[in-house]
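Engineer: Sequence:
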Amino acid sequence: MKNANIIGLKEADCQNIAEKLNVLLANYSVFYQNTRGSHWNIKGEQFFTLHPKFEELYNSLVLKIDEIAERILTLGSTPAHNYSDYLKVSTIKESKEVTDGNKSVEIILDSFKVVIDLQRELLDITDKAGDEGTNSQMSDYITEQEKEVWMYNSYLGK
1 MKNANIIGLK EADCQNIAEK LNVLLANYSV FYQNTRGSHW NIKGEQFFTL
51 HPKFEELYNS LVLKIDEIAE RILTLGSTPA HNYSDYLKVS TIKESKEVTD
101 GNKSVEIILD SFKVVIDLQR ELLDITDKAG DEGTNSQMSD YITEQEKEVW
151 MYNSYLGK
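Mind the numbering: the sequence shown is residues 1 to 158 in UniProt numbering, read in order.
Hints were generated in silico from the structure; no laboratory data involved. Please note that the accuracy of each hint is not assured.
As the list claims (entries may be wrong) - In silico lysine to aspartate or glutamate, EDC-like type, Cα no more than 20 Å apart, as pairs:
id : residue 1 : residue 2
1  : K113      : E56
2  : K113      : E132
3  : K128      : D13
4  : K93       : D110
5  : K43       : E97
6  : K64       : D140
7  : K43       : D100
8  : K147      : D117
9  : K113      : E94
10 : K113      : E70
11 : K158      : D100
12 : K103      : D140
13 : K64       : E146
14 : K20       : D100
15 : K20       : D66
16 : K103      : E45
17 : K64       : E121
18 : K147      : E55
19 : K20       : D124
With the hints as extra help, turn the sequences into a complete structure.
Structural biologist: What follows is the structure, given as structure tokens:
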């Protein structure tokens, strides 16, 4: 963890933050794959609306997955990379309901709740550790995702 000294953080804080980021990474990875499944398999009259929207979402998720993994590396740790490991720690579960548009949107909203909650926990941890890099990253994600939640809820008429 030689990066910790250079970036001005305590090694123990870096380890703690990296562990929490690996949990977030696992959740994002399952969220991503569920969204891909919905994109591929959506059926019905909502197809032309949701198919591109799901693609937009999974493209955003894959970028965040990469950024989170790189942040873990910056903190001097190793990002998890196996789905078997992800499924052990992810609160988001694999979805089998991917053809119904409204159900897929509900699953997406549930997934947003999980990642936003984890990111808020990371805000507290990183604020106390003085980790502005991770804190800023989480804050940016939350700002973007709160708007996405509003739009997906609006789609459902909520």
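Engineer: Compare the structure with each hint and give your call.
Structural biologist: Quick rundown of the hints versus the structure:
Note on K113 and E56: the hinted pairing holds, with a Cα-Cα distance of about 19 Å set against a maximum of 20 Å. The straight-line distance between the Cα atoms of K113 and E132 is roughly 23 Å, outside the 20 Å bound, and the hint therefore fails. For the given pair, K128 sits about 9 Å from D13 by alpha-carbon distance, which is consistent with the 20 Å threshold. Only pairs whose Cα atoms come within 20 Å are accepted, and K93 paired with D110 is accepted, the gap being roughly 10 Å.
Pair hint K43 plus E97 holds up; C-alpha atoms about 11 Å apart against a cutoff of 20 Å. A distance of roughly 11 Å separates the Cα atoms of K64 and D140; the hinted pair therefore holds under the 20 Å criterion. Taking the CA atoms of K43 and D100, the gap is about 6 Å. The hint holds against a cut of 20 Å. For the suggested pair K147 and D117, the alpha carbons sit about 15 Å apart, so the restraint of at most 20 Å is met.
For the hint linking K113 to E94, the alpha-carbon distance of about 15 Å falls within 20 Å, and the restraint holds. Distance hint between K113 and E70 is unfulfilled; the C-alpha atoms sit about 23 Å from each other, more than 20 Å. At roughly 18 Å between alpha-carbon atoms, K158 and D100 fall within 20 Å of each other, so this suggested pair holds. Our distance criterion of 20 Å between C-alpha atoms is broken by K103 and D140, whose separation comes to about 27 Å.
Distance check on the hinted pair: K64 and E146 sit about 15 Å apart at the alpha-carbon level, within 20 Å; holds. Restraint check for K20 and D100: the C-alpha separation of about 33 Å exceeds 20 Å, so the hint is violated. Proposed proximity of K20 and D66 is supported: the alpha carbons are some 15 Å apart, at most 20 Å. With a C-alpha separation of about 14 Å, the suggested pairing of K103 with E45 holds against the 20 Å cut-off.
Restraint check for K64 and E121: satisfied, since their Cα atoms lie roughly 17 Å apart, inside the 20 Å limit. In summary, the hint linking K147 to E55 is supported, as the alpha carbons are separated by about 17 Å, within the 20 Å threshold. Under the criterion of a C-alpha separation no larger than 20 Å, the hint pairing K20 with D124 is consistent with the structure, at around 12 Å.
Comparing the model with each earlier hint shows violations of hints 2, 10, 12 and 14; every other hint is respected.
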